[in-house]
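K.L.:
Sequence:
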Amino acid sequence: MHVALVQLDIAWQAKAANLAKARDLTADVPAGSLIVLPEMFDVGFTMKSEVAVAGDSAAGVAELARVRQCTVAAGVVVRDDAGARNACLIFGPDGRELGRYYKRRPFALVHEGRHYAAGAQAVVVDAAGAKLGPTICYDLRHPQVFREPALAGAEVLINVANWPAARAGHWTALLTARAIENQAYVLGCNRCGRDPYAEYPGRSVVIDPMGEVIAEAGAEETVLQADIDVPRVQQVRSELPFLHA
Numbered sequence: 001m002h003v004a005l006v007q008l009d010i011a012w013q014a015k016a017a018n019l020a021k022a023r024d025l026t027a028d029v030p031a032g033s034l035i036v037l038p039e040m041f042d043v044g045f046t047m048k049s050e051v052a053v054a055g056d057s058a059a060g061v062a063e064l065a066r067v068r069q070c071t072v073a074a075g076v077v078v079r080d081d082a083g084a085r086n087a088c089l090i091f092g093p094d095g096r097e098l099g100r101y102y103k104r105r106p107f108a109l110v111h112e113g114r115h116y117a118a119g120a121q122a123v124v125v126d127a128a129g130a131k132l133g134p135t136i137c138y139d140l141r142h143p144q145v146f147r148e149p150a151l152a153g154a155e156v157l158i159n160v161a162n163w164p165a166a167r168a169g170h171w172t173a174l175l176t177a178r179a180i181e182n183q184a185y186v187l188g189c190n191r192c193g194r195d196p197y198a199e200y201p202g203r204s205v206v207i208d209p210m211g212e213v214i215a216e217a218g219a220e221e222t223v224l225q226a227d228i229d230v231p232r233v234q235q236v237r238s239e240l241p242f243l244h245a
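Residue 50 in this note's numbering is what sits at position 50 of the sequence shown, and the numbering runs on without skipping anything.
Treat the hints as calculated values from the structure; they're not laboratory data. Check before you lean on any hint, since a few could be wrong.
Said to hold, decoys possible - In silico SDA-like pairs for lysine to any residue, Cα to Cα no more than 25 Å straight-line:
hint : residue 1 : residue 2
1    : Lys15     : Lys48
2    : Lys21     : Ala62
3    : Lys21     : Ser49
4    : Lys131    : Pro196
5    : Lys21     : Ala215
6    : Lys21     : Thr46
7    : Lys48     : Arg167
8    : Lys21     : Met47
9    : Lys131    : Gln225
10   : Lys21     : Gln225
11   : Lys131    : Leu109
12   : Lys48     : Ala84
13   : Lys131    : Thr172
14   : Lys131    : Arg167
15   : Lys15     : Ala84
16   : Lys48     : Asp195
None of these values were measured; they are calculated from a predicted model.
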């Protein structure tokens with residue numbers, strides 16, 4: 001599987017600009033790839049939920065999937081009966097939504113849970129030739145949030161994030177731990193740049209089931225691309241049966 005992690009310098013609360021940037025940056029991504037966009041890629045990590053839900057970013061992501069003929073996993077805010085949700089939506093190359101995941105652990109430091117309703121369950125999506133387990137940013141500090149999709153068969157665990165530079169070392173260390181303990185590929189797609197409240201280090205990364213880094217970005221806006229061998233997940237889990245032990 002070819003993966004492309006879009007490390008955006010997100011324009012603050014500027015949906016049209018961020019959608020356009022995502023289209024431009026993915027112009028050379030091969031058809032059939034898995035494209036990943038950061039948490040709330042269209043607006044940034046704003047607690048103004050009314051701004052985040054305005055418009056229809058999901059339709060823009062669906063169109064990106066169609067135009068690029070790729071599977072796209074993207075962090076956006078949606079609304080349902082519970083209110084605004086910090087979500088990761090997954091669309092197939094035909095633009096059809098294949099699944100959605102709601103962030104289960106709102107970021108306590110900024111009282112995210114006051115603005116976005118938390119999710120309650122893991123999600124595993126069959127897409128792009130693999131079983132994908134999406135997660136969002138602060139979920140990374142909670143191992144069980146990753147364990148549940150892994151036990152449900154996820155081979156590729158995705159974390160879309162607005163992870164701050166102040167704790168950049170934790171980002172890489174925790175992603176590596178999640179890969180090792182779940183014997184899965186981990187794709188960490190972070191933003192870069194600044195917003196009114198924080199600086200972001202980028203450092204998007206692709207990690208294999210043994211915890212080895214396959215590809216890692218720096219601090220600049222970029223598309224981090226790599227090839228991953230999905231069948232290797234089952235090989236590792238068979239040779240080292242730690243997941244269920």
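K.L.:
Given the hinted pair Lys21 and Thr46, is their alpha-carbon gap at most 25 Å?
P.N.:
Holds, at about 19 Å.
K.L.:
Is the Cα-Cα distance between Lys48 and Asp195 25 Å or less?
P.N.:
OK: Lys48 and Asp195 at ~14 Å, within 25 Å.
K.L.:
Hinted pair, alpha-carbon criterion (25 Å max): Lys48, Ala84. Please report holds or violated.
P.N.:
Holds, at about 10 Å.
K.L.:
Holds or violated: are the alpha carbons of Lys21 and Met47 at most 25 Å from each other?
P.N.:
holds (22 Å)
K.L.:
Hey, Lys48 versus Arg167, does the alpha-carbon distance stay inside 25 Å?
P.N.:
holds (24 Å)
K.L.:
Are the Cα atoms of Lys131 and Gln225 separated by 25 Å or less?
P.N.:
holds (19 Å)
K.L.:
CA of Lys15 to CA of Lys48, is that 25 Å or under?
P.N.:
Roughly 14 Å separates the two Cα atoms, so the pair holds.
K.L.:
Would you mind confirming whether the straight-line C-alpha gap from Lys131 to Pro196 stays at or under 25 Å?
P.N.:
Not OK: Lys131 and Pro196 at ~36 Å, beyond 25 Å, violated.
K.L.:
For the pair supplied as a hint, Lys131 and Leu109, is the alpha-carbon distance within the 25 Å limit?
P.N.:
violated (32 Å)
K.L.:
Compare the distance between the alpha carbons of Lys21 and Ser49 with 25 Å, and conclude whether the hinted pair is satisfied.
P.N.:
OK: Lys21 and Ser49 at ~22 Å, within 25 Å.
K.L.:
Next pair to validate is Lys131 with Thr172; report whether the Cα-Cα distance is within 25 Å.
P.N.:
holds (23 Å)
K.L.:
Hint check: Lys15 vs Ala84, CA-CA at most 25 Å. Holds or violated?
P.N.:
Status holds; Cα separation ~17 Å.
The structure fails hints 4, 11 and 14 (numbered hints given earlier, in ascending order).
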